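Those protein sequence lines, which keep their order, are chains U and D.
Under the numbering used here, the first residue of the first sequence carries the number 6, and numbering increases by one thereafter.
Under the numbering used here, the first residue of the second sequence carries the number 6, and numbering increases by one thereafter.
Since the hints were made in silico from the structure, they are not lab data.
One or more of the hints may lead you astray.
Stated by the list, open to error - The calculated label-pair distances, taken between Cβ atoms and stated as ranges, are: (1) E329/U <-> K11/D: 32 to 40 Å; (2) A120/U <-> P13/D: 29 to 37 Å; (3) A72/U <-> V210/D: 33 to 41 Å; (4) Q299/U <-> A295/D: 55 to 63 Å; (5) V44/U <-> R208/D: 54 to 62 Å; (6) A72/D <-> G211/U: 52 to 60 Å; (7) Q299/U <-> S69/D: 54 to 62 Å.
Computed from a prediction, not measured in an experiment: that's the story for all the values here.
Ideal Cβ positions, reconstructed from N, Cα and C, are used throughout, including at glycine.
Number of protein chains: 2
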Amino acid sequence: MLERFKVPEADRVVVAEPDVRAATEQIFMGMGLSEDNAVLAADVLMFNDLRGVETHGVSNMLRSYVAGYRNETLNPRGQITTTRETETTAVIDGGGSLGLHVAPRGMDIAVEKAAKYGLGAVCVTGVGHMGGTGYHAMRALPHDMIGVAMSSSGRVVTVPTFGAEPRLGTNPLAWAAPAGEMPPFMLDIGTTQIANNKLRLARRVGAQVEPGWLARMDGTPIMERVDVPEESYMLPLGGVREQGSHKGFGLGAIIDIMCSSLSGIGPGFIALVPGFHLMAYRIDAFIDVADFKQHMDDFLRGLAETKPAPGHDRVVYPGLIEAEEEAVRSVEGIPYHSEVIDWFRTIEDELNLDFAFT
Amino acid sequence: MLERFKVPEADRVVVAEPDVRAATEQIFMGMGLSEDNAVLAADVLMFNDLRGVETHGVSNMLRSYVAGYRNETLNPRGQITTTRETETTAVIDGGGSLGLHVAPRGMDIAVEKAAKYGLGAVCVTGVGHMGGTGYHAMRALPHDMIGVAMSSSGRVVTVPTFGAEPRLGTNPLAWAAPAGEMPPFMLDIGTTQIANNKLRLARRVGAQVEPGWLARMDGTPIMERVDVPEESYMLPLGGVREQGSHKGFGLGAIIDIMCSSLSGIGPGFIALVPGFHLMAYRIDAFIDVADFKQHMDDFLRGLAETKPAPGHDRVVYPGLIEAEEEAVRSVEGIPYHSEVIDWFRTIEDELNLDFAFT
Numbered sequence: 006m007l008e009r010f011k012v013p014e015a016d017r018v019v020v021a022e023p024d025v026r027a028a029t030e031q032i033f034m035g036m037g038l039s040e041d042n043a044v045l046a047a048d049v050l051m052f053n054d055l056r057g058v059e060t061h062g063v064s065n066m067l068r069s070y071v072a073g074y075r076n077e078t079l080n081p082r083g084q085i086t087t088t089r090e091t092e093t094t095a096v097i098d099g100g101g102s103l104g105l106h107v108a109p110r111g112m113d114i115a116v117e118k119a120a121k122y123g124l125g126a127v128c129v130t131g132v133g134h135m136g137g138t139g140y141h142a143m144r145a146l147p148h149d150m151i152g153v154a155m156s157s158s159g160r161v162v163t164v165p166t167f168g169a170e171p172r173l174g175t176n177p178l179a180w181a182a183p184a185g186e187m188p189p190f191m192l193d194i195g196t197t198q199i200a201n202n203k204l205r206l207a208r209r210v211g212a213q214v215e216p217g218w219l220a221r222m223d224g225t226p227i228m229e230r231v232d233v234p235e236e237s238y239m240l241p242l243g244g245v246r247e248q249g250s251h252k253g254f255g256l257g258a259i260i261d262i263m264c265s266s267l268s269g270i271g272p273g274f275i276a277l278v279p280g281f282h283l284m285a286y287r288i289d290a291f292i293d294v295a296d297f298k299q300h301m302d303d304f305l306r307g308l309a310e311t312k313p314a315p316g317h318d319r320v321v322y323p324g325l326i327e328a329e330e331e332a333v334r335s336v337e338g339i340p341y342h343s344e345v346i347d348w349f350r351t352i353e354d355e356l357n358l359d360f361a362f363t
Numbered sequence: 006m007l008e009r010f011k012v013p014e015a016d017r018v019v020v021a022e023p024d025v026r027a028a029t030e031q032i033f034m035g036m037g038l039s040e041d042n043a044v045l046a047a048d049v050l051m052f053n054d055l056r057g058v059e060t061h062g063v064s065n066m067l068r069s070y071v072a073g074y075r076n077e078t079l080n081p082r083g084q085i086t087t088t089r090e091t092e093t094t095a096v097i098d099g100g101g102s103l104g105l106h107v108a109p110r111g112m113d114i115a116v117e118k119a120a121k122y123g124l125g126a127v128c129v130t131g132v133g134h135m136g137g138t139g140y141h142a143m144r145a146l147p148h149d150m151i152g153v154a155m156s157s158s159g160r161v162v163t164v165p166t167f168g169a170e171p172r173l174g175t176n177p178l179a180w181a182a183p184a185g186e187m188p189p190f191m192l193d194i195g196t197t198q199i200a201n202n203k204l205r206l207a208r209r210v211g212a213q214v215e216p217g218w219l220a221r222m223d224g225t226p227i228m229e230r231v232d233v234p235e236e237s238y239m240l241p242l243g244g245v246r247e248q249g250s251h252k253g254f255g256l257g258a259i260i261d262i263m264c265s266s267l268s269g270i271g272p273g274f275i276a277l278v279p280g281f282h283l284m285a286y287r288i289d290a291f292i293d294v295a296d297f298k299q300h301m302d303d304f305l306r307g308l309a310e311t312k313p314a315p316g317h318d319r320v321v322y323p324g325l326i327e328a329e330e331e332a333v334r335s336v337e338g339i340p341y342h343s344e345v346i347d348w349f350r351t352i353e354d355e356l357n358l359d360f361a362f363t
């Protein structure tokens, strides 16, 4: 993450990970989730916070989930049903549940099918937010599989290249592959120039946005560095046509197709509810696992040892910094903006809970 | 394609598609290919030329394939062998063949497996160039499947974000999905800012390259608009970090993993030979085909009917302009640079062939 998005030092409160995890589980149970689902949902948020992906940790997301339970757009007791199934595929419905704890069940089904047949893919409907795609893709790795996770969006915020009306969400994608000695490869990206949550975070920490990240409400790309505007649309990855925004737009559209049209929800900009697509590739259906991991170590080490360009310290591959951050934060705790801690204090009172850190 | 890459009008020679196709088939047979393989290889190139993707048509590619047969880096009589197989997956080796006619066989295997089990994925080793990923992904569509094609590269030309040494090829990806009444969705992109072939084409037509497309040999992004430099590296999609090049780099790395490490070739920058990954999703393993096509029509029509931003005429989705171009070129012929026609004349003499158009 760019430096500007980090919590300014003066506003930082560092909390031990197990304490935030326990508080988060309590909050989810307070909302009516079963203990199993609360533990799983909290695990997704802590995965992100530990890895430095604070846009998708408790800071931005937990309060919006709580709001969702309170206004009954989320069902704390939704049941998973399977609406279509083949040897390698399934479509499951979360019954209005938060996606955080439904997506892992979907990936588990994909993994089970891939264990038998080589590949597995699951579409998910009837769900709220996924909590970031990375966690769900990574869930395939302990099974010696490659994992893929995608999510379409309930919010249409992104204009197509040359467009003046939004047609896509930020439509994220994660693709994860295990290695031997090196931290696993894990790409976890929005197909826009900037994540929705990062805009909120930028507003909170007073950061500016770069030229080509956002469009004015008539679709014109904003080509100056500016404070986060009151109103704007997202631009696809690439930003403008000359910089490849048609590719980012196309990638976002693929994710819409795989998550929304293929799942039966219908196009994201019509359905206005999220859908997921989860996929697992069993590695030894293609190559012996040990050979694959050796290739991955060679590949990832080669990337990390690439001579840096002038002005840069090092080259990192997707997942490397996040693994390093996880090692540090597991020991030293997670830095939160003091405003986030205030929110925890408030909900602790409201739900009559007891957190170790507030 | 940006206007600047098109053949300047003064240099254009328009040739009927069947005439170029027949000449291309003759050339491939002249190189020693079986008629079946020659027809298939020519079909790939004509698909690209008809759809206006001249970077991957006969202009740029055919002479390099001929050179490959002549210097024996390509085997005109390579046989396909299967080195690993499960219900849904296979790894096949092309025996040193040109990829143009091996990749379709790989996709056919993926389609056959998906017809039985819902999904199919095939890695391909022992091959030369694929001739663009789009053709191979589209091959799944008549079977009511979604098709995916990827290729890693034998040439390492792309620096990672912040890197001074190249580590990836242009690692292209295609993802295609059928619709009902609308032309199919088909994204076909390199994961760099510009395709290798487009650089060659830019040089031929005297076009400039944009800021953020290329890096100097020390890895520093070239941030001015310049003529095509003598020496440069590719930058990943996004160009620079602030514009998301880490995402483009990550996408390129995924393709390397799926095509090279998963296939057993080993990392692209070590193996220095291409590999492919082909995948088919049977639509009715997730949703009734008619419903999917209705969703796709709604999705694609909605994209195409998006109100354009000021200064633009229309919004297009991936595959739309290409389908329109195909409709025109099928009737009116294909415009080539006169230099390309000269090359056809030369090889016609060399191989003692007889082309209708030269």
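Could one say that the CB atoms of Q299/U and A295/D fall in the range 55 to 63 Å?
47 Å, violated
Has the hinted range 32 to 40 Å been met by the Cβ atoms of E329/U and K11/D?
47 Å, violated
Verify the CB-CB distance for Q299/U and S69/D against the hinted window 54 to 62 Å.
33 Å, violated
Range hint 54 to 62 Å (beta carbons of V44/U and R208/D) holds or violated
59 Å, holds
Could you see if the CB distance from A120/U to P13/D stays within 29 to 37 Å?
About 57 Å separates the Cβ atoms of A120/U and P13/D, which means 29 to 37 Å is violated.
Given the hint of 33 to 41 Å, check if A72/U and V210/D actually sit that far apart at their C-beta atoms.
At 55 Å between Cβs, range violated.
Is 52 to 60 Å a correct range for the gap between the Cβ atoms of A72/D and G211/U?
58 Å, holds
Going through the hint list in order, the structure does not satisfy hints 1, 2, 3, 4 and 7.
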